[in-house]
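**Student:** Assemble the complex: chain A is given as a structure, and chain B must be docked to it using the hints.
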Amino acid sequence: MGLLDFVKKVEPDKKKSPFLHTLYDGFFTFLYTPDHVTKSGTHIKDGMDLKRTMVMVVLAMQFCYLFGSYNIGHQHFVALGQHVGFIEGFHLKLAYGLMQILPIFIVTHIVGLGIEFYYAAKKGHGIEEGFLVSGALIPLIMPPDISLWILGLAVFFAVVIGKEAFGGTGMNILNVALLARVFIFFAYPTTISGDEVWVAGLVKDADGLWTSSYNWIHTGFFNGIFEWMGWDTFKPGLAMADGYTAATPLSLAFQGGWENVTSVYTPGQMWWGAIPGSIGESCKPLIILGAIILLVTGIGSWRIMLSVVIGAAFTGWLMNMWGAIPFMDVPWYYQFSMGSLLFALVFMATDPVTATSTNTGKLFYGFGIGMIGMIVRVLNPAYPEGWMLAILFMNVFAPLIDHYVLEANVRRRLKRTTVVKRVETEEAATHGAH
Amino acid sequence: MKNGISKLAFLLFFTTLTFQANAQTAGEGSTYLYTALIAVVAILILGAVLQVADSLMRIEAKNMGMEQDNTNFSLFPAWSDVFKPKTPDFAQNDRVVNLQAGHDIHLEGGAKKEFLNFTPTTFAVKPTDFVGMSPIPKVEVEVGAEVKAGDVLFFDKKRPDVKYVAPVSGEVVAVNRGEKRSIAEVVILADKEQTNYRSYNVPDLSTSRESLVEFLLGSGVWPMIRQRPYDVVADPLDFPKAIFVSTFDTAPNAPDLNFVVAGNEAAFQKGLDVLGKLTEGTVHLGLNAGGESAPAAAFTEATGVEKTYYNGPHPSGNVGIQIHHTNPISANERVWTVGVQDLITIGKLFIDGRYDAERIVAVTGAELENTGYVKTYIGANLENMIKGNLKNDHIRVVSGDVLSGKAVPTNGHIGFYEDQVTVLEEGDEYEMFGWLLPLSPRPTISKTYPNFLFPKYKFTPNTNTHGEKRAFVVTGQYEKVLPMDVYPQQLMKAILVNDYERMEGLGIYELSEEDVALCEFVCTSKQPVQSILRQGLDMMREQG
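Protein chains in written order, with the working numbering: chain A, 92 to 525; chain B, 179 to 722.
Isolated chain A (complex conformation) (with noise of 0.2 Å):
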C-alpha cells in the first residue's frame, strides 16, 4: 500500500486550509473508497454508493460523447461541402469535434466543481457527487459553437441558483442541468435557437457570406501534424457549399410539415443521428443504447421513460388525428426521431431528484411530460422544441404529484380506524388519556 501511505501523508489540515481539505477529500474518496464501518443500525451494507449510481448515468452518456464530438466536425465539413461521406476526412473531423467540445466540457467543469467545492468546503461536508451527472450532461446539450462565457455564466447561474441555494445535491427543485440550458435560452436567445447555431466553425465575411474560420490550433497544430503525415488539413476561407441550410427537422416541420422535413432529410439520416443540432442529441441508436444501460442496471426509471413515450406518442397520435397546421401531421412515431425527445426522455426527465419521488407519481410526471413537451414542440410558434421547458415544468409540478399520492396512502389507513378499548384506571380517567 505504498500509495495509500503517500497520499495519506500529503493530507492538507482540516483546520488549517478546510478547503484544500475537502479538495483533497474528494479526491481522495475518488481514490479510495474509505474505512468507514457501519456504527448503528445494519452492521453490512449494499455495495451501492452515490459514486457508483452517478458514474453509471456518465458511462451510458459516453457514446452520445463519442457520436457528438465526432458530429460536430462532420457538420461543420458538410456546410462547407467537403467530406461529405460520414467517415471522409476522419481525422479532420473528430480534430475539429474534440477542439469544440473539450473547451466546453473543462469550462462547465472548471465553474460547476469549482462552485461544488467551494460550498462543500463552506459547509463543511464531503463533496458530493451530483456534478458529475449535471456537469456530463450540459456539454450534450449545447449547440457546439456556444460561447464559453455564455457557458460559464449559465453553469454558474443553474448551480448556485438551482442547487446549492436549495442545499446541495438532493435538495434541488430543478434539474441543474436544464437549468443551464433554460438560462442560455432566455438570456442569449440568439446563440441556442435558430438556424445558424447548430454547425460550428462558420462566420460572416465582409460581404455577407459564411466561411470557414480556424484559430492557431487547427491552423499551427493539427495543420502540421497533418501536412507532416500528408493529410488534408483545414482550410480557412473556404465558403459554405450552395443551397446549404443548417436547420434542424423541427424547424423545417414548423415552416412546412413533414414532407419538408423529407426533402432535406430522410428518416434514416434523423434515426442515425448526421444532421445539426445540440451536440448528444441527434444519434437515437446510441441514446436507446444508453437508456438500455440505465434500464439494466436499473438506475434510470422505467417508469418515467415508458411514460414519457407513451404520453408522446399519444399527444403526437392525437395531433395527427387533429391536423390543425403542418406541424401536427408528422407522424406521431416520426416525432420520435427528430429533435432531442430520447435524450431528454432517457436522461433528463429521469433525474431522481427533480422527478416525483414515489412510484406511482412518476407514471404522472413522466406522461405529463411527453404531453406537454409535444405540445410545446408543436403549437409554440417562436421555437419547435419542447422537452427542456416541459421538463422544468414538471419539475415543479413534482412535489404536488407526490402529495397526493401520498395523501391517498393517508386515506387508505386513515379508513381503517377504529374505536380503542382499554382498562380503565383512575389515573387514566383524570387524566383523561387515550
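Note that these hints are calculated values from the structure, not bench results. Please read these numbers as outputs of a predicted model, since none were measured by experiment. Don't take every hint at face value.
Claimed, not checked - What the simulated footprint calls covered on chain A by chain B, stretch by stretch (three residues with Cβ under 8 Å from a Cβ of chain B suffice, anywhere in the stretch; the number is not a length):
| hint | region |
| --- | --- |
| 1 | 139 to 145 |
| 2 | 216 to 222 |
| 3 | 279 to 292 |
Where is the CB? At the ideal position from N, CA and C, for every residue including glycine.
**Tutor:** Showing chain B alone in chain A's frame:
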C-alpha cells in the same frame, strides 16, 4: 417479475418503433401502419366498454353487500392471481399471502443443524434491551445475593407492575453501570446445575383475564409480550386487538425455528392458549410458505389460532410485515407480538410451574470455525462460544442478525429478545476504486453488480459502509425491499422534519426497526434509516 415484464414491453416498443420507421422509408408501410393503429384503437374501445361494464357490476355487488373482503366479482381475474407463485401443498387449506418485495441476503456461516457443546457461565439482563424503559430502573438485588431462576432483579419505576427476573439461579456478581449512572446490565454467575426455581401458584387458564395478567406480570414473563406500535413491552392496561406470532425468521442466517421448537411442542401450544385469553381478537400465527417442506407440526397443527402462510423473501418473516397484511394497525390500536421461544417459556411456566428461560441460540457468522446451535438461557455470555472458535480476530460480534442486531463486546451478553449471534469481519480498510471496480464480491440489490446472475452465491460480509453518507437522491429503492403499502422514504423525511401528522398518516405505527432494516441496507445514500425511524417512534410515543 413485474419489473421484468414492463422492461421487456418497453424494449419491444422501441423495436417496433424501429421497424415502423424502416417500413415507412420503404414507402409501403403507412397503410399497414394505419390498419394496425385502427385495430389497436378498436381493441382499446372494446376494452374500455368492458371495463366500464365490469366496474358497474362490482359497484352493484358492493351495494348489494355481496362483496366480502377478497371476493373477486370482476369479469377478469385479478393480476395478483394470474402471476402469483404456486401455493405449496402444505399451505392449501389456509390463507396464503404472497409478497414480492424484499431481498434474501445469503451469507456464509449459517448455523449447522447440530448442538454445540458450549456452556456459558454468566448471564445478564440488560435494561437497555427494553425500549422506552427509564435508564435507571429500581434494582431489587445486591451484588453477592443468591437468586433463584424467576426472582425479581429490577423493575421500571414508571411501570412497577412489570417485573424483570433472573433467567438462571446463581449469584449476582455485578450491576454494571453505563453513561450517567444508568444500569447497563445485571450479571448473574449461574449455578452449575439449574435446579433452583422460584415457585409459583400457577392459575388455571379458566381464571379471569385480570388475574391472568396479574400473574404474568409478577412471574416475570410479561416483558416477553411486546406491543406494536413502538415495539415496546406491552402495556397491561391495553386490550390488544390481536396477537401475532411469527414462526419463521427470514433474516440473514437466522435460526430455523422448526429446529428450535422440536421437543417443546406442548409448551408452544400452551403458550398460544395463554395468549388466547389475553385478547378478545384473534391470535394469528404466521407460517412460512417459502420453505421446501412444511413447517414443524407444532406450528401447522397449532389450535385456537388463525394460521396464515407468507411466501416471499426477507422481511416476510418479520411479524410487522405479517401484521400489515393480516390485520394492520391504525392510530391508537394496539397489537401484541410474542417470539416463538418466549412463547415456549410462557407455556412452560403454565405446564411446569417454573420460569424456564431456556434459549436455543444460533451461533453464526463467516468468521467462526464451528457454527451451530447452543442450548442455554436468556442473556448468555458469549465469550466461550466465540473465543477459540475464530478464524480471524479482527471481528465484530453482533447479538442478533447483521441487519438489526446490536454490536456487543466479545465477552458481552446476548440480548433479551435475541436468539442469534453473528460474528463478522470488521471492514475498516481502504479499497482502491472500490466504488467503481470492487475487488471482492459483496451483497447488493443493485444490478450494476453481477450478483443478480448468481442468486445462490453466499457472501462473506464485512462492516464497511461501501461509501459515504449523502442526502436522499435515489428514489423507489426502499419500496423494492419493503413489502408494505408504506412510502418509507417520504416517512423518513417526515420524521426528520418532525411532521407528526404526516408520520402518523404515512404509517409509522406499522413499522419497527427490523422492518426497515433492509431499506437501510440497500440505501445508496447510506442513511441511518433504523435510527431515524426509532427517533420518530420515540417522538410519537412521548406525544401519547
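**Student:** For every hint, state whether the structure bears it out.
**Tutor:** Each hint, compared with the structure:
Closer than 8 Å: that is the beta-carbon criterion, and the region 139 to 145 of chain A has 6 residues meeting it against chain B, so the requirement of 3 holds. Restraint check on the region 216 to 222 of chain A versus chain B: 4 residues with Cβ-Cβ distances below 8 Å, three needed, restraint holds. Coverage of a stretch by a chain is defined here by at least three residues with a beta carbon nearer than 8 Å to that chain's beta carbons; for the region 279 to 292 of chain A and chain B the count is 0, and the condition is violated.
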